[in-house]
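Protein sequence lines, in the order shown, are assigned to chains A and B. Using this note's numbering, you'd call the opening residue of the first sequence number 1 and step up by one each time. Using this note's numbering, you'd call the opening residue of the second sequence number 1 and step up by one each time.
Keep in mind the hints are simulated off the structure, nothing from the lab. Keep in mind that a hint or two might mislead.
[To be verified] Now the stretches of chain B that chain A is said to cover, found in silico as 3 or more residues with beta-carbon under 8 Å:
id, stretch
1, 15-28
2, 31-40
3, 208-219
[Unchecked claim] Reference excerpt, derived from the structure (chain B facing chain A, CB under 7 Å, subset only):
id, residue
4, Phe92
5, Ser135
6, Ser145
7, Leu148
8, Pro149
9, Ala178
10, Phe184
11, Tyr263
[Said to hold, decoys possible] Under the rule of at most 25 Å between Cα atoms (straight-line distance), these lysine to any residue pairs were calculated in the SDA-like manner:
id, chain 1, residue 1, chain 2, residue 2
12, B, Lys11, A, Ile100
13, A, Lys150, B, Ile51
14, B, Lys268, A, Leu99
15, A, Lys146, B, Glu47
16, A, Lys150, B, Ser48
17, A, Lys10, B, Ile51
18, A, Lys10, B, Arg108
19, B, Lys7, A, Ile196
20, A, Lys188, B, Gly13
21, B, Lys268, A, Trp169
22, B, Lys268, A, Ile100
23, A, Lys10, B, Pro170
24, A, Lys230, B, His210
25, A, Lys58, A, Gly244
26, B, Lys3, A, Ala194
27, A, Lys146, B, Pro31
28, A, Lys10, B, Ile169
29, A, Lys10, B, Gly181
30, B, Lys268, A, Ala227
31, B, Lys226, B, Leu139
32, A, Lys42, B, Phe136
33, A, Lys42, B, Leu139
34, A, Lys214, A, Phe74
35, B, Lys238, A, Leu161
36, A, Lys204, B, Arg6
Since the model is a prediction, treat every value here as computed from it, not as a measurement. Don't be surprised by glycine CBs; every beta carbon is placed ideally from N, CA and C.
So the chains spell out like this:
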Amino acid sequence: MLNNRFQPSKLVMAAYLVPSFLVYFAMLIVPLIMAITFSFFKFSNINNLTFVGLENYKTLFADKYVWISLKNNFFLIVVCMIGQIGIAFILANILNSRLIRFASFHRTVMYFPVTLSAVVVGYIWSMVFDYNYGILAYVLRSLGYKEAVKPWLGQADTVMLFVCIPLIWQYIGFHLVIILSAMTSIDKSIYEMAEIDGATGFRKAVFITFPMIKNTLSVCIMLCISANMKVFDHIIAMTNGGPGFSSSVLAVYTYKKSFSEMNLGYGSALSVGFFVVTSAIIALSRILLSNKKGEIT
Amino acid sequence: MTKMERKIISKAGSFFLNIIPFIFSITCIIPVVWLFYSTLKTSAQFESSIIALPTSFNLENYKYVFKTTPMGLYIWNTSRNTVIILLLVLFFGFVNGYFLSRFRFRFRTVLLGFYVSNLFIPVHALLVPTYILFSFIGLTNRWYSTILPVACMELPVTIFLISSYVSSIPKELEEAAAIDGSSFSRTLFTIILPIVTPVLVTTGIIAFFHCWNEFSYSLILLSKEKLYTISLALTRFKGENRIDYPKMMTAMFISMVPALLLYVLFSKQIIKGMVAGAIKG
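Generate the whole structure from the sequences, applying the supplied hints.
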């Protein structure tokens with residue numbers, strides 16, 4: 001903090017800070033206010049709206065696809081948390097071992113999917129899962145399991161599970177790097193002492209590494225929750241929410257309902273609902289999980 | 001157990017331990033490798049065997065994609081918007097980050113709370129109202145439509161990273177400069193700016209990947225084909241080329257090239273920067 005003596009005049013400060021403030025206000029806060037306002041209206045088209053009171057919210061609570069979408073969000077959170085953070089933790093323990101060669105090479109390769117665009121990842125994996133020309137179908141067919149080949153992304157009971165796979169695949173590297181960097185800050189002498197006492201790799205991971213990096217794992221969980229509440233691009237690219245709405249999540253449902261039917265009033269109500277639920281869950285996860293937030297850098 | 005046996009077991013153990021990350025690393029790149037070599041095959045070759053390696057170095061698919069679609073234009077649209085967004089975000093991120101870290105002014109808390117709020121607002125909740133807003137003021141389907149919304153989504157993380165970096169710079173630097181008669185703006189841009197370059201690079205990297213891969217705002221704000229960004233173009237291209245996989249894959253591969261090159265060249269900085277951004281954000 002600089003002494004006030006060195007602070008520039010109010011005018012200079014305003015000149016620097018106000019433009020970005022106004023733009024930010026117009027791009028984030030204004031739309032939020034608009035969403036709340038328009039959620040009480042019905043749109044026949046973009047310039048023709050009528051006030052309908054709480055009608056849209058009544059529809060929202062009775063809309064079973066909203067609940068399916070929310071359920072799918074929760075499903076993604078749980079499965080991705082186990083998949084991404086669990087696998088990342090195991091891999092990080094392996095990579096942190098003295099016996100491993102090329103650890104930094106592996107780290108670089110495993111992080112690579114994170115930098116890909118979600119749309120591309122969605123498309124690549126929908127090709128992998130393709131019924132006719134997919135790698136997975138090819139492998140199963142050549143191993144003789146013809147019956148096991150299904151249009152996985154096309155049937156309601158398997159679609160969510162297969163939507164998770166690309167999400168897990170893409171972000172393992174991300175959590176891996178976070179966990180690895182926390183692990184390298186653990187004092188090596190603790191492990192050495194444990195080894196003298198006869199601790200195996202597994203016991204070291206569970207009884208030393210895990211408690212030592214608990215805060216970092218909390219950060220991973222927070223990031224995982226907020227990322228999976230906001231999933232959109234992947235699903236649009238892979239299934240477009242289908243078949244029906246069986247793989248739709250809140251973001252996808254809001255988008256599709258609003259733009260495919262130009263139902264912007266109801267879309268606004270869905271946006272508000274989506275915003276309330278998501279920000280509440282993100283805030284809650286942060287409160288519950290960040291006991292010593294400043295510690296992690 | 002003899003010494004020999006123990007040695008063999010530990011050798012075998014370390015071998016298996018080394019195998020696991022290798023297998024996993026391979027799964028991380030194999031889909032992209034498959035994507036790449038499939039672009040060199042004709043659709044007949046692809047259909048006869050989807051995983052066979054191409055027999056010749058055949059660039060027909062690339063020629064086809066560039067000839068039948070304005071791929072060059074899509075790349076230009078994406079690059080132009082990315083550059084503009086990066087400049088905006090870095091400039092305003094720097095200015096805001098600097099002020100928030102150095103001065104305790106009246107609206108500081110308000111401003112800070114404002115930018116923090118971004119972490120709790122999911123972009124997709126803003127798509128519908130942003131579309132309505134932009135339609136009202138006639139800003140949909142312009143080449144610059146997505147610049148401001150995307151820049152605003154990138155701004156907060158940039159501000160936080162820069163502001164925590166500025167806090168680590170000794171403030172005596174500015175004090176000395178001020179005493180020597182340097183004006184505020186001059187100090188800001190000739191003394192502070194060069195010092196914060198490393199964090200500008202970091203935040204620039206994060207913003208680059210987000211802008212290059214940006215999809216949601218383009219999806220709702222752009223419907224004219226000549227304005228498409230590359231991610232958006234892919235979704236349309238898929239619709240038209242459902243059957244011809246190698247051509248679709250070629251378009252996908254082309255869209256990945258810039259980010260891929262950047263990653264190969266600067267993977268260390270990219271990993272560090274993106275992780276720092278995510279944790280601070």
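How the hints compare with the structure:
no.: 1; hint: 15-28; result: holds (count 9)
no.: 2; hint: 31-40; result: holds (count 4)
no.: 3; hint: 208-219; result: holds (count 6)
no.: 4; hint: Phe92; result: holds (4 Å)
no.: 5; hint: Ser135; result: holds (5 Å)
no.: 6; hint: Ser145; result: violated (12 Å)
no.: 7; hint: Leu148; result: holds (6 Å)
no.: 8; hint: Pro149; result: holds (5 Å)
no.: 9; hint: Ala178; result: holds (5 Å)
no.: 10; hint: Phe184; result: holds (4 Å)
no.: 11; hint: Tyr263; result: holds (5 Å)
no.: 12; hint: B/Lys11 <-> A/Ile100; result: holds (12 Å)
no.: 13; hint: A/Lys150 <-> B/Ile51; result: holds (19 Å)
no.: 14; hint: B/Lys268 <-> A/Leu99; result: holds (23 Å)
no.: 15; hint: A/Lys146 <-> B/Glu47; result: holds (18 Å)
no.: 16; hint: A/Lys150 <-> B/Ser48; result: holds (20 Å)
no.: 17; hint: A/Lys10 <-> B/Ile51; result: violated (65 Å)
no.: 18; hint: A/Lys10 <-> B/Arg108; result: holds (13 Å)
no.: 19; hint: B/Lys7 <-> A/Ile196; result: holds (19 Å)
no.: 20; hint: A/Lys188 <-> B/Gly13; result: holds (22 Å)
no.: 21; hint: B/Lys268 <-> A/Trp169; result: holds (20 Å)
no.: 22; hint: B/Lys268 <-> A/Ile100; result: holds (19 Å)
no.: 23; hint: A/Lys10 <-> B/Pro170; result: holds (24 Å)
no.: 24; hint: A/Lys230 <-> B/His210; result: holds (15 Å)
no.: 25; hint: A/Lys58 <-> A/Gly244; result: holds (22 Å)
no.: 26; hint: B/Lys3 <-> A/Ala194; result: holds (23 Å)
no.: 27; hint: A/Lys146 <-> B/Pro31; result: holds (22 Å)
no.: 28; hint: A/Lys10 <-> B/Ile169; result: holds (24 Å)
no.: 29; hint: A/Lys10 <-> B/Gly181; result: holds (19 Å)
no.: 30; hint: B/Lys268 <-> A/Ala227; result: holds (23 Å)
no.: 31; hint: B/Lys226 <-> B/Leu139; result: holds (16 Å)
no.: 32; hint: A/Lys42 <-> B/Phe136; result: holds (16 Å)
no.: 33; hint: A/Lys42 <-> B/Leu139; result: holds (22 Å)
no.: 34; hint: A/Lys214 <-> A/Phe74; result: holds (23 Å)
no.: 35; hint: B/Lys238 <-> A/Leu161; result: holds (23 Å)
no.: 36; hint: A/Lys204 <-> B/Arg6; result: holds (21 Å)
Hint compliance for this structure: hints 6, 17 are not met, and every other hint is.
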